[in-house]
Amino acid sequence: MTRALFAVPVALFAALIVFFAYGLTQDPSRIPSILIDRPLPAFDLPGLDATSPGFGTAAFGSPAARGEPKLLNVFASWCAACPQEHPMLTRISAEGVPLFGLDWKDQPEAAKTWLAQLGNPYARIGSDPGARTGIDLGVTGVPETFVVDGRGRVRYKQIGPITADDWEKTLKPMLVRLRNEA
Amino acid sequence: MAGEIGHFALILALMLALTQSVVPMIGASRNDPALMAAGRAAATLQALFVLAAFAALAFAFVRTDFSLEVVAQHTHSTQPLIYRFAGTWGNHEGSMLLWVLILSVFGAAIALFGDNLRTTFQARVLSIQGMIGTAFIVFLLFTSNPFARLSPAPIDGAELNPLLQDPGLVIHPPLLYLGYVGFSVAFAFAVAALIEGRVDAAWARWVRPWVLAAWTCLTAGIALGSFWAYYELGWGGWWFWDPVENASLMPWLMGTALLHSALVLERRGALVSWTILLGILTFSLSLIGTFLVRSGILTSVHSFAVDPRRGIFILAIIIGSTGAALALFAWRAPAMKSGALFSGVSREAGLTLNNLFLMAATAVVFLGTFYPVIMEAVSKDKISVGPPYYALTFVPIMTPLLVLVVFGPMLTWKRDALGDLVRRLRGPLIVTVIAFVAAVAIFGRTNVLAAAGMALAVWLVVGAGAVLARRWRIGGGFLRSVRTTPTSTYGLVLAHAGLGVLVAGISAMTAWQSSKIVLMHPGQTLTIGREEVTLRSIREATGPNYAALVAGFTFTRDGVSRPMTSERRFYPSSRSQTTEAGIEKRFLGNTYVAVGEPDKTGGIVVRLYDHPLVGWIWGGAVLMAMGGCASLADRRFRLGAAKAAAGIPGGRLVPA
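Read top to bottom, the protein sequences are chains L and F. Residue 634 is where the first sequence ends in the working numbering, and the numbering goes up by one at each step. Residue 659 is where the second sequence ends in the working numbering, and the numbering goes up by one at each step.
Everything labelled a hint here was simulated from the structure, so no lab data went into it. Keep in mind that a hint or two might mislead.
[What the hints assert, rightly or not] With a straight-line Cα cutoff of 35 Å, these simulated DSBU-like cross-link-like pairs (lysine-lysine) come out:
| no. | chain 1 | residue 1 | chain 2 | residue 2 |
| --- | --- | --- | --- | --- |
| 1 | L | 564 | L | 624 |
| 2 | L | 557 | F | 603 |
| 3 | L | 557 | F | 519 |
| 4 | F | 603 | F | 519 |
| 5 | F | 588 | F | 603 |
| 6 | L | 564 | L | 621 |
| 7 | L | 564 | F | 603 |
| 8 | L | 557 | L | 621 |
| 9 | L | 557 | L | 624 |
Here chain L stands alone, though its shape is the one from the complex (with noise of 0.2 Å):
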């Protein structure tokens, strides 16, 4: 009895070293979206300006109308890395995957200039000045990028831009395993 209170201390000392070692292998700058698997929270935007339509969650589908999985980006004219990632989402674009782009913490009008400049891969635009939608996302800075399935549920959260080997090996067969889901 007594030897085994003696080997307690050697004992809670293994277990938390199983937790380190486990904290290690993690990286504490990557914070999950709570959204996963969980419906878009509603919102309607606005266009960049009168002409253009902006879109909500309508249009990514629902559990009654299911629809085709989609990729919303969220991106800003202001953003640093969103030019890097730019080719990408055109590449993305031309493969034929439904693009939806969310203008986050900016002006329509520097948006505007920013996509006539680089070119628009987006399907459609939905303008976010105050970011509210922002908010309701969890976005916590661009770019980031939402997989949304046929039933409008967030699948999976991409921080940062995507480089050429995220989009072959995570974006990609997730779109094409969520088309075969439904």
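Knowing the structure of chain L, use the given hints to seat chain F on it.
Structure of chain F alone, referenced to chain L:
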């Protein structure tokens, strides 16, 4: 050139550390005086070589040798000399080298001044110190070499983080490290005792000064860090429950427990294995603190070396030291002679209770600090805990402990009667009740908690004074008893009273601090607390390596005016900004002003705080550290240790 000299010195130090970890251990088991003497020589030489390496690095920093990578990353040629020098430990590599330096100097001290230790015991302690040293020098050389060269060398370096360019931060890390590493001696003593399978009062007498010294340095280091955060970060707070603050608080709490349990062991021969366990855990918490800051396992404002490879290495060191020591503890401690019995009401029992509370408090802080790591492993959620958690857990554990503090020194050893104890404490008890009633009367019923905090402070201070009063009353003749009172008693009184002062400061700050954040224009006046604050002017100024926006204020209280400035500094080479708060320091509280962004209309954002008794927080900590110094100065440590050595047949063998 200095870089290469330093690098070679560090490699030689590694060889010596290896020698120091192996040779004396063999010498002790064979009882070979020559091998044990070799261990002492290795320890001394190792300290010299690490010192040489450190001096070489400091030289490179002062001379701004940008061909060294760390220098190029942490020093700019415009930085003042003192901050170029302090830059030596203002980065991961250099601070680890400082860590190793302190460790090796302590090792040398045990080798040179440990004459009164049993020779085999001394050899084993040195060997364990050598192992820790080896691990850390390997860590330095292979994952964080401070002497790595850059080619081509840049023309100028990046700047030392401007927040660290402050006199407080020049001595804060060395003080903390003296504390952390000082506990390594207690660890080595504990492990050596487990290997030898014997612990006695003499062991406690040897280890106590080391623990006291480490505890004193850590107390001062934490207080300084807190004070620095208060005036430099510009948030007006003094403690943020940041993981790194907790990393220093945990060894402090555990070290405090160790200090008291070692006292019981020294005086009464009780709590043997408990004290050994505390010796192991205190240093382990220091190591875990290092792991925390440098592995990137938790994000914190202090993490200046986030690198998983280093994290894995430090984790390996923790497993090798703490894991091995605890396993050894599980194996050897049950066989160790448990000490004298004591009754439920006795000083031993009081100090045991103190230990349990401190242990619980440490556990609570530990859990709060590592909650995000544990939760993420269990549930994949990212959750961290903040001040509300500590208010609900840490405070309720510490409050009864603080009440108990006064009982400890008033209890007699071995056996005491509750009735006698209450009679002895009648004075402090009456004063405290009066203080509480008066506080409620003055501050009103809505401030009952604050009044209770103040009463607790009074209880601690008066209770500490009662220890002296009792001592002086018993020993015949006032003057004679004042002279014969051991310094360690004054140490106890200072430390416990300091705790009271600290509690008063915390209570007042928690209950009554107030703040205002406003946009002010020159000429405008605001009132905070009893202070009238007028913004006089906003002008630009330049320092040696920064440009500043200086806001001039006038503080007026009771018709007396004093000028005050707060600055917003911009360091162009690192493109970063710092705030220099303007603080009017008074005995009964500070008025704190910090400026933020200027706006287009010629105004500036000003944060004003009224901080009642805030200085008492650090004042209390300083008193505690002074208490530690006073106890260290006690003659008993020298006399007692010398007597113990004389008692050992043969004494120390003469080195070959």
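Okay, the hints, checked on the actual structure:
1. 564(L) - 624(L): Cα-Cα ~28 Å, so holds.
2. 557(L) - 603(F): With Cα atoms ~22 Å apart, residue 557(L) and residue 603(F) stay inside 35 Å; holds.
3. 557(L) - 519(F): 29 Å, holds
4. 603(F) - 519(F): Judged against 35 Å, a Cα distance of about 21 Å means the pair holds.
5. 588(F) - 603(F): 32 Å, holds
6. 564(L) - 621(L): 31 Å, holds
7. 564(L) - 603(F): Satisfied, since the Cα-Cα distance of roughly 28 Å is no more than 35 Å.
8. 557(L) - 621(L): 30 Å, holds
9. 557(L) - 624(L): The given pair, whose Cα atoms are some 28 Å apart, holds under the 35 Å limit.
Taken one by one, the earlier hints all hold for this structure without exception.
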